[in-house]
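Undergrad: Residue numbers (my numbering), protein chains in the order written: chain A, 1 to 218; chain B, 219 to 443; chain C, 444 to 690.
It cannot be assumed that every hint is accurate.
Stated by the list, open to error - Here are some, though not all, of the chain A residues that point toward chain C, as calculated from beta-carbon distances under 10 Å: (1) A9; (2) G13; (3) M15; (4) L209; (5) A211; (6) Y213; (7) L214.
Everything labelled a hint here was simulated from the structure, so no lab data went into it.
For each residue, glycine too, the CB sits at the ideal point set by N, CA and C.
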Amino acid sequence: MPTWFTPAAVVCGLMFATSPFLIANAPYESTMGLVQKIFYVHLPSAWMFLLAAIVCGVASIRFLFRGDSRHDRLAWAAAELVVLFGLVTLVTGPLWARKAWGVWWQWDVRLTSSLIGWMVAVAYLLLRQYGGPGSDKLAAGLALFGMANVPFIYISVNYWRTIHPLTSVVPTLPTSFGLPLWFSAVTFFLCFLLLLRARVRLEEQRARLDALYLSVDA
Amino acid sequence: MFARVVWLVLRKDLTVEVRSLEIAYTTLFFAVSCVLVFAFALVHEGRAPEDGAAGILWIAIAFAGTLALGRTFERERQSETLRALLLAPAARPAIYVGKLLGIVTLLVAGEMVLVPLVALLFQAPLLARPLWLTAILVTGTVGFASVGTLFAAMLVRARSRDVLLPVLLYPITVPVIIAGVRATAALLQPDVEIDILRFWLALLVCFDIVFVTLALWTFEPLMTD
Amino acid sequence: MTGFDFDDLAVEDVSRHFGRRRAVSRITFRTTRGAVLGLLGPNGAGKSTLLALLATLLRPSAGRIRYGTHDTAVHGPSLRASIGVLGHDLFLYPELTAHENLEFFAGLYALADPRAAAADALRQAGLADRAGDAVSSFSRGMRQRVALERALIHRPRLLLLDEPFTGLDDASAAALAARLRTLRETGAIVVLATHDLDLAEGLFDSAVFLRDGRMVDVVDRPEALRSTYRHIMSRAHTVPSVSRTEG
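This is chain A alone, in the form it adopts within the complex (with noise of 0.2 Å):
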């Protein structure tokens, strides 16, 4: 592990543990009181969700043209971020969508197309467990087919929900973004570096461990 690691480690594990008390002491939201806090925690992994799909895309297109296997590690430990950080953004999604308005799921378009997009990383996870040798290829074709959707998937489902026009309307993000917010989103990205970072080196030892064994046979 790098020498990073281990105090950042350390000193993210702090940041999680004093973050209650900032967001604890944050004004409260005019209309929706205390369940708006929970965006304290939704909207800084939806970043992280977006940042790893970013970094998953990018590193799968690498992977592909390029055949650096280096890439491919890093995509696969980004896939597997987005679709964690992706499960804690439809999760607190709902939350505070139910305590706010009464209802699970508004098919609000942002929500709907991170499900989408989250969907799809889950199926880039299933493709490199089950597919078998080669997956790592596929998988890196599906990332990339998978990024350039983005901008289709939001089109049309936004346009989707339009003619249906909903019972109440969905909030807009907080205006303030106060100190809470920033300790918050900075917390997060040092725990989704940490995070990938750990995930990369377990699969470098896997790549030492094969040419290991191949070198036994030389």
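Given the coordinates of chain A, assemble chains B and C onto it according to the supplied hints.
TA: Then chains B and C, alone, in the frame of chain A:
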């Protein structure tokens, strides 16, 4: 050269299919069964839910299409003929286009039976505006098949390929399904809003262009070891 | 598209692995025009993988394959146009007739007159009277003959055959061996993988013996194949083999 290879592959696929008609009959029958199952599930007191006909049509196309894709490439797996195609000096993207056109032809042929059936069962005036309907069906089918052909080809040598094809295909083709259903539903309204139709059709055309291009670009790296 | 021509084939220290499994390991040999080279070994020795590497379907994990003065980096359509493959699975569409199969592949290989080429090929195979019958109705031997013609229809410089004697009766096997000798005379490079030693007797100009993906020996003009094979294979390995426990 490219066009010649496309034509050869397409002609070969159609010849093989016409000889046995296996995929045509079985997937068509499957599509009809789908329509019936959905009818039983959704029709209440003799009426389908609003826009039900459009949804049922496209679901049947998606399910039957997945089956047809799987079977077509399973055929190429026997006798390893896909390998033989890759061994030839023909440009790989040309092989992709040939296969794509074959699948699209097969699916459109099936749709020609499916559409009147759905129109009949659900009293939906699907055939009232044939030009618009054709445009929607063709662009939607091409969009679905463009991704499906690539995925089915790349999965040919993978394990669990039967279940992985729909798992990979459906999330990626969501925009096609949404656009297809919404456009068809708009067509069924008593007063058709042309703007809505144009929007969905434009989306489908863009999807087709983007994804066929992507598939042409990635076919070679995905098929080589 | 006319393929570029080459006079010899050189395999230099080629290895190929899948994950942690080594399929072939450090194979080196050469062969030249007008020669038949045999790849001999038990099942799982790596013969099919090696043939796939020679056919450019797989890329080596290490080492190089040279076709004349070019190596596989020159990959691509022009090299594939000079290679013909008779696979274990024959590469024929069962629903199409013999003539249609040959005409299709002749077209793919950009021959000037695919129809005539297909007719000629069927005559060569002695199957002109069955030209209009679906391949699914053919016996194994007949399918083999069509498949061989398919592999040769574009007059490749390099011909690769994977277990071509499988399921053949004596007459068909003898005919195949005779055909290979004719090809040798016309200057083709033939590489043939088999574990059918009796049928391959007297066919090879040189033979590469493989076991567990490794080259055990290369013998020029091997005679008494079966006893040579047994003798070579009974030699102990100098490198200890790793017990494979797949995780």
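Undergrad: Each of the hints needs a verdict: does it hold here or not?
TA: The hints, checked one at a time:
The criterion of a C-beta within 10 Å of any C-beta in chain C is not met by A/A9, whose closest approach is roughly 28 Å, and the hint is violated. Contact between A/G13 and chain C, as hinted, is not supported at the beta carbon level, the nearest pair being about 32 Å apart and thus beyond 10 Å. A hinted interface residue such as A/M15 counts as satisfied when its beta carbon comes closer than 10 Å to some beta carbon of chain C; here the least separation is about 37 Å, so the hint is violated. Because the closest C-beta pair between A/L209 and chain C is about 7 Å apart, less than 10 Å, the hint holds.
Of the supplied interface hints, the one on A/A211 holds, with its beta-carbon coming within about 8 Å of a beta-carbon of chain C, less than 10 Å. Against a cut-off of 10 Å between C-beta atoms, the interface hint on A/Y213 holds, since the closest Cβ of chain C lies about 4 Å away. About 6 Å separates the beta-carbon of A/L214 from the nearest beta-carbon of chain C, less than 10 Å, and the hint is met.
In this structure, the hints that do not hold are numbers 1, 2 and 3, in rising order.
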